[in-house]
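K.L.:
Protein chains in written order, with our numbering: chain A, 1 to 150; chain B, 1001 to 1251; chain C, 2001 to 2137; chain D, 3001 to 3617.
The set of hints was computed from the structure by calculation and includes no laboratory data.
No false leads were mixed into what you were given.
Just some of the chain A residues that point at chain B, by a computed CB distance under 8 Å:
no.: 1; residue: Q36
no.: 2; residue: P49
no.: 3; residue: S51
no.: 4; residue: Y54
no.: 5; residue: F59
Just so you know, even glycine gets a beta-carbon here, dropped at the ideal spot from N, CA and C.
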Amino acid sequence: MGAFGIDDILARHVGQEQSLIEILHDIQLRFRHLPQETLAEVAGHCGVPLSRVYSVATFYTAFSFTKKGDTVCRICMGTACHVKGAQLIREEAEKVLGIGAGRTTSDGKYSLEVVNCVGACAMAPVVIVNEAYHGKFKPVELKKLLGRGE
Amino acid sequence: MIRLTIDGRRVESRNGEYLLTLARRAGIEIPTLCHHEAVEPAGACRLCMVEITRPQWNGWSKLVTACLYPAEEGLIVKTSTERVLRTRREVLELLLARSPRAEAVRRLAAQYGILEPKYAVDQEGDNCILCDICTRVCATHVTGAISRVNRGVAKKVATPFDEASDVCVGCMACARSCPTDAIAFSQDGATRAIWGKTFEVVPCTVCGAPTVTREQARWMAQRKGVAEEDFYVCDVCKVAKTGLSCRKVMW
Amino acid sequence: MESKLMHVFPGKCTACRNCEQACAFAHLHEGRPTRSRIRADADPQLREGKHVLVVCYQCDAAACVAACPANALWRDTETGAINHIAERCIRCGSCVAACPFGNMRWEPLAQHPSKCDLCKGDPVCVRFCPTGAIQYK
Amino acid sequence: MKQTLATLPVLRAKLKEERSKLRCIMVCCGTGCRARGGMQVADAIRDELSAAGLAGSVPVELTRTGCHGWCEQGPIVTFEPEGVFYTQVKPEKAKEIVASFQSGEPVSKLLFRDTKTKRSIVTYHEIPFYSKQTRWAMRNVGRISPTEIGQYIARDGYKALEKVLSGMTPEDVISEVEKAGLRGRGGGGFDAGRKWRSCRKAKGDVKYLICNGDEGDPGAFMDRSIMEADPHGVLEGMIIAAYAIGAREGFIYVRQEYPLAVEHLGMAIASARENGLLGENILGTGFSFDIRIARGGGAFVCGESSALMRSIEGKPGEPRAKYVHATDRGLFDRPTVLNNVETFINVPLILDRGAAWFAALGTDGSKGTKAFSVVGKVNHNGLIEVPMGMSLKELIFDVAGGIPKGRTFKAVQTGGPSGGCLPEALLDLPVDFDSLTEAGSMMGSGGLIVMDDRNCMVDVARYFIHFLVEESCGKCVPCRDGLKQLLEILARITKGQGREDDLDKIDSLCFVLTEGSLCALGKSAANPVLSTVRHFREEYEQHIKDHFCRAGVCRDLCRYEITDACTGCTLCAKACPVECIAGDRKQVHVIDQSKCTRCGSCFDVCNFGAVEVRSAR
Chain A
1 MGAFGIDDIL ARHVGQEQSL IEILHDIQLR FRHLPQETLA EVAGHCGVPL SRVYSVATFY
61 TAFSFTKKGD TVCRICMGTA CHVKGAQLIR EEAEKVLGIG AGRTTSDGKY SLEVVNCVGA
121 CAMAPVVIVN EAYHGKFKPV ELKKLLGRGE
Chain B
1001 MIRLTIDGRR VESRNGEYLL TLARRAGIEI PTLCHHEAVE PAGACRLCMV EITRPQWNGW
1061 SKLVTACLYP AEEGLIVKTS TERVLRTRRE VLELLLARSP RAEAVRRLAA QYGILEPKYA
1121 VDQEGDNCIL CDICTRVCAT HVTGAISRVN RGVAKKVATP FDEASDVCVG CMACARSCPT
1181 DAIAFSQDGA TRAIWGKTFE VVPCTVCGAP TVTREQARWM AQRKGVAEED FYVCDVCKVA
1241 KTGLSCRKVM W
Chain C
2001 MESKLMHVFP GKCTACRNCE QACAFAHLHE GRPTRSRIRA DADPQLREGK HVLVVCYQCD
2061 AAACVAACPA NALWRDTETG AINHIAERCI RCGSCVAACP FGNMRWEPLA QHPSKCDLCK
2121 GDPVCVRFCP TGAIQYK
Chain D
3001 MKQTLATLPV LRAKLKEERS KLRCIMVCCG TGCRARGGMQ VADAIRDELS AAGLAGSVPV
3061 ELTRTGCHGW CEQGPIVTFE PEGVFYTQVK PEKAKEIVAS FQSGEPVSKL LFRDTKTKRS
3121 IVTYHEIPFY SKQTRWAMRN VGRISPTEIG QYIARDGYKA LEKVLSGMTP EDVISEVEKA
3181 GLRGRGGGGF DAGRKWRSCR KAKGDVKYLI CNGDEGDPGA FMDRSIMEAD PHGVLEGMII
3241 AAYAIGAREG FIYVRQEYPL AVEHLGMAIA SARENGLLGE NILGTGFSFD IRIARGGGAF
3301 VCGESSALMR SIEGKPGEPR AKYVHATDRG LFDRPTVLNN VETFINVPLI LDRGAAWFAA
3361 LGTDGSKGTK AFSVVGKVNH NGLIEVPMGM SLKELIFDVA GGIPKGRTFK AVQTGGPSGG
3421 CLPEALLDLP VDFDSLTEAG SMMGSGGLIV MDDRNCMVDV ARYFIHFLVE ESCGKCVPCR
3481 DGLKQLLEIL ARITKGQGRE DDLDKIDSLC FVLTEGSLCA LGKSAANPVL STVRHFREEY
3541 EQHIKDHFCR AGVCRDLCRY EITDACTGCT LCAKACPVEC IAGDRKQVHV IDQSKCTRCG
3601 SCFDVCNFGA VEVRSAR
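One chain only, chain A, in its complex shape (with noise of 0.2 Å):
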């Protein structure tokens, strides 16, 4: 019995390699992050030297290492929203939440991120918060829509 409560989603999985990431992304889906004890038993389960296990943690942008926010804020960065002026809105939300994309603002109330195309391109640009699209988003909406209005 592992001490991280993870052992129902290794069980879930067949003990090899070929697991590693559906079982990092179950861990990060329960946690918001990968906690970083938890990565060596995911090593001994699958049979990997947990060198391994760190090499695709850090290579899929899916996995962090740091908690994510309460609010997951993404802004999309596809083509269409950039054309759109997708840079602008990163540039608001970089100002109303006080942080850099990829970060977590030290309240640990949102979190701030940019992704490659969310396959919504047709609004664009877009704006995702957890898990809600919000299209053809102007810079000015994003106070509000963040609840960090006056």
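Chains B, C and D: place on chain A using the hints.
P.N.:
Just chains B, C and D, lined up with the frame of chain A:
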């Protein structure tokens, strides 16, 4: 038997070896930085590019890495066409801008007439050219203590979380296999430090000279089912011991 | 074909160290006996002027081969020697630690191990031994 | 219940019969329409229907469909079989919609209004955006509920599989696909039949089939739409392909940015298994094949086939040299066929309707239809499927409705980060694999991003190189270090610090990327730069020599000024995010240059052309 030509020379291969192996066997020099016979080829440094063609390609040709391209019947390989040399020079330009202090890179670049990099030099750039020899060596032959982490420009070689690794045995294979001496370590008699971990180099039980790290001895003992203590005698003392036992037998 | 073997006759050794000189010169192009792969060490325990010669036995079940994680030590079927393939070596030093006889040495400058390769079937130490203390037959 | 070759046709006939009597209200619940409240609209209509006493009565059905591909008009509600088409529907409109459904009177406010003719159009059959399309790959997109296998079967679903397993040999299937001339829709355009044949011939008992649903190209979303809206079509194509090559195990690799696609595919796999269409002993014929979903991890490079296979193996997605083909040694070093979503969805069509029918569509070298995602500065952003060989001009101006706001067309970017930008002079180019490659771009997965005179081509090149720098796996030198150098130079140019020899350096870097990179990502990474330098060289020179960005994008190289043409309408002042535009109503306004961030909002809103882009100096 597969027959092909490299730079006009007829070359034969029994089992589809890589072009680099064949060329070197024929005495044709192809530069490499990421090639190491102890591990599978990676094709990372792009210096061993050669141009290949076939008569039926009607003059069309392509560049491939010699370290990864298997011998094929009737292939015509050229190792120093203008296209090959320009690619190699441009790759060296990039390497020199990345690691301007790396001796192996500078030497090779100079061979190709590059003394000063034309691209912006990475002032904080270290000697690591991400050839991947160290991590391949460690993962294939030792304990897999290090790996390549992150991706793209942020890629680097590291232990998990940049912390001292539980499994590193301090054998130094990574540092000694590195073509650009990019892996930092320190050694003074009884201790050795590498990848943020300090090892005791166990003194020879006879004379006290340094032998191997305790971790390496344990790892070897475990792999081969022998006693760890057997490794704690230095080669000089072992020779003396051998001599002694010889004497006992002889006289 | 049964390969030849190195035979050592310590009784004939005068500790002239020609073998060490020759070995070091043949392999490293320098005449420093300390770098030789054969040792004609005056046995420290012997005071009567007798000597022992220590050179690789090319063991059948060699500890160095077993210890090498990278398969860099290979037996040459023609000479019977276990050869160290520098290109395949990862220089971890395991073979040096593993050889029970001290016949696997560490080259401090080149930072890799070295061992007797029987000079591809014509050992120079044999050629240079004036007394026949080392023979290859 | 597990179907067999004997029971499936009976079931299909029964479902067809049932469904022919139905009238349906279809609400799009794809990612785009959900974003705009599609689910709420569907719920409101459901409630309205039950309030009106219509729910449950036999002939009415409310269907939540997958993505139509016209998300900008969403949420979309259609009536079948009439084809009445409502756009931008809000939940409050449910009552009116249900009333209109009963009475047959359209709700005029919700109809699509043609931008050119200003005329309201009732059915989608008459809307140019749809009427000029030939939807074969997207035959079921927006027409069925993706979560109900019965609806797929009723629209001739799994008929091709039935035909294949009723007597065709794997050899027959491959020949048919070869005769059809199906080329991979993922980018390279490799002949699918040939790929299957070499995998079939490869040694080894264990073979794998992979569906590439990674669709990493920013600006393309046809595969998302297909996976969300017609997952069974993808599965059917895969099962047929597996039968042809002799695979027992398959994977669908879906990017994690597409959660709805993962959900729908998962449900489709489960129901296909329940119905004996997937798993052991498919349709009672003894043929077995099963599919697993592998989620991507947010890495563009995993769209590259060898990197994708590494990712399925649980490794970092670093590509391998393709000197040994995947059909000989691919996933887990076994013979593997990898095709993308759109390729697989064409397979049932070919087998059902015949190779000759398929080959009659498109051009000599590129058969069939192709779905494009036409986005950016066009009136109708969305998915457009047309026969191969239609000209870019027709696609952009006739189907997608041309450039909005009276602006002028500048370039169209095709093929994502591996493709290039094509100028107006090449608009007559037919869109097929070979023509685009010849013009220095590529088909890629089919993204077409339209740009107008407000887009700076140097900035676009910089954008793509920035994208690639972030997405390069970092394994080989040209891609990792070359792109970094290239980005540095392009960034410098867009900041007005360009140097005389920069274009030469760009040329060298493009050379080493193309010649020296390990995988297709690096080899084609130079295309966005090469094509913009080739077709818009004067724009680069203007940036470097005159320090001027005419599009008004590069902030250090331009400023905005309001001319005497200003009528004092105050629109610009209201639009300015930093409130740096001053001026009274009906007076010429003035921009405070010290505060201005050069965002261009004033330029975009001005209806009188009174805001001008000038050189920063």
